[in-house]
Amino acid sequence: MSATLQLALGTLAALPGVRAALAATASDGLAAASVAAVDVDADALAAFGTALFQRTRLANAAAGYGETRQLSLDAEHGRVFVAASGDFAFVVLAEPEAAAGLLRVALLRALKAVA
Amino acid sequence: MDAERLQAWKDELARDGQSPVFIPLVDALRRLGKLDEAHRYAVQGLERHPHMAGAHDALARVMADRGDEAQARDEWEFALRLDPSHNASLRGLGFLAYKRRDLATAEQLLARALHANPADDGLATALRRVRTELRGSERVPSAAARNGARHAPPARANAADEARQLFATLLGDGDRTALLLDRDGLVLAGTYVDGNGRDVADEIGAHLGGLADEATRALRQLGLGRWESLTVEAQHATVALAPGLEGAVVMVAAARDTQVGLVRRLLAQARQRASAWMGVAA
Numbered sequence: 001m002s003a004t005l006q007l008a009l010g011t012l013a014a015l016p017g018v019r020a021a022l023a024a025t026a027s028d029g030l031a032a033a034s035v036a037a038v039d040v041d042a043d044a045l046a047a048f049g050t051a052l053f054q055r056t057r058l059a060n061a062a063a064g065y066g067e068t069r070q071l072s073l074d075a076e077h078g079r080v081f082v083a084a085s086g087d088f089a090f091v092v093l094a095e096p097e098a099a100a101g102l103l104r105v106a107l108l109r110a111l112k113a114v115a
Numbered sequence: 001m002d003a004e005r006l007q008a009w010k011d012e013l014a015r016d017g018q019s020p021v022f023i024p025l026v027d028a029l030r031r032l033g034k035l036d037e038a039h040r041y042a043v044q045g046l047e048r049h050p051h052m053a054g055a056h057d058a059l060a061r062v063m064a065d066r067g068d069e070a071q072a073r074d075e076w077e078f079a080l081r082l083d084p085s086h087n088a089s090l091r092g093l094g095f096l097a098y099k100r101r102d103l104a105t106a107e108q109l110l111a112r113a114l115h116a117n118p119a120d121d122g123l124a125t126a127l128r129r130v131r132t133e134l135r136g137s138e139r140v141p142s143a144a145a146r147n148g149a150r151h152a153p154p155a156r157a158n159a160a161d162e163a164r165q166l167f168a169t170l171l172g173d174g175d176r177t178a179l180l181l182d183r184d185g186l187v188l189a190g191t192y193v194d195g196n197g198r199d200v201a202d203e204i205g206a207h208l209g210g211l212a213d214e215a216t217r218a219l220r221q222l223g224l225g226r227w228e229s230l231t232v233e234a235q236h237a238t239v240a241l242a243p244g245l246e247g248a249v250v251m252v253a254a255a256r257d258t259q260v261g262l263v264r265r266l267l268a269q270a271r272q273r274a275s276a277w278m279g280v281a282a
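Sequence lines, in order, name chains A and B. Residue 1 is where the first sequence starts when you use this note's numbering, and the numbers rise one by one after that. Residue 1 is where the second sequence starts when you use this note's numbering, and the numbers rise one by one after that.
There may be inaccurate statements among the hints.
[Stated by the list, open to error] Just some of the chain B residues that point at chain A, by a computed CB distance under 10 Å: (1) 239; (2) 256; (3) 260; (4) 262.
No wet-lab data here; the hints were simulated from the structure. Note that this is a predicted model, so its numbers are computed, not measured. The beta-carbon is built from N, C-alpha and C at its ideal position, and this holds for glycine as well.
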């Protein structure tokens with residue numbers, strides 16, 4: 001894991017309410033590196049987050065909405081955030097009450113840093 | 001769909017060309033939008049299993065996603081010759097009939113499919129919808145005749161328009177659009193208009209079919225409970241999605257400069273309207 005990626009993941013994981021932050025390949029959903037709470041299945045999170053991103057990316061392309069930047073999914077017991085550029089994606093799992101705005105900005109910054 | 005499972009299916013096919021795993025593989029590739037690859041595996045599978053109804057169904061789905069409804073229909077009809085109660089083919093032909101507004105045929109096919117698989121809630125909803133529209137289309141001409149109208153209005157078009165316009169009053173005149181998809185990505189109501197005014201609802205449905213089920217499964221595995229909403233930020237639009245009744249998905253898209261809070265409010269309203277609309281004939 002490169003130092004930049006390590007720093008980006010560490011920064012994301014340190015944000016309030018974050019339970020996991022991981023880097024994955026967007027096309028096949030394989031987790032490349034992660035910082036996660038022990039009860040989080042990082043591989044499953046990477047596969048789900050990137051698959052969801054790919055689907056919405058294709059739908060947005062079909063609708064002519066341009067490049068898909070990020071998504072956030074709200075569930076009963078948590079929130080999943082995904083931001084991707086090319087074949088690289090960051091996936092973050094946070095508590096339901098985590099600040100969405102802060103996380104979105106942090107994700108885009110992290111993506112920019114490792115691009 | 002995780003990449004490992006896709007690769008495992010491909011490996012199994014490489015080892016054993018007769019394996020039936022080409023069917024879930026084609027379906028997964030299709031849902032990922034990899035239609036050329038899905039087509040290749042579907043054709044290979046069909047060559048090896050020409051008498052398997054599921055092989056014809058797999059190719060039909062790819063062709064339907066490619067917009068080649070004639071070949072999709074041929075494949076589903078062939079599948080039904082092999083297996084007259086083949087559920088997926090009845091369903092596929094039913095939805096094609098619904099799309100071309102042949103409601104009587106759609107009703108007949110979907111009823112047969114439901115008879116073969118009574119536990120399919122999505123199918124039951126679709127059939128109720130078709131029957132409601134069918135009843136509406138039967139009522140309108142007689143009313144017109146009673147009023148002495150010389151030209152009865154095209155009732156089927158009215159039912160279709162009603163579905164297309166379901167969200168129109170919510171969305172206003174801005175750059176907004178909304179859609180209701182069933183669990184397989186079939187467009188039930190609304191429109192999805194791209195920047196050039198073209199309705200791309202069917203394409204969107206093809207990409208997002210199965211999303212609700214996939215999200216439900218994955219979130220259960222991750223211990224996150226039910227999914228409540230999904231917000232996607234693209235270069236020119238913000239898109240928000242939420243689960244509807246019986247595995248359906250409601251989605252709203254608005255121009256990028258629309259506040260995310262407003263998009264979410266529109267989504268909540270669209271979801272409410274979609275639930276009421278789907279429940280009408282329940």
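Do the hints match the structure? See the list:
The interface hint given for residue 239 of chain B is met, as the beta carbon of that residue sits about 7 Å from the closest beta carbon of chain A, less than 10 Å. At about 8 Å, the closest approach between the beta carbon of residue 256 of chain B and any beta carbon in chain A falls short of 10 Å, and the interface hint on this residue holds. Annotation: residue 260 of chain B was flagged as interfacial toward chain A, and the flag holds, the nearest CB pair being 9 Å apart, inside 10 Å. For the restraint placing residue 262 of chain B at the interface with chain A, the shortest Cβ-Cβ distance is roughly 15 Å, beyond the 10 Å limit, so the hint is violated.
The structure is inconsistent with hint 4 alone, although it conforms to all the rest.
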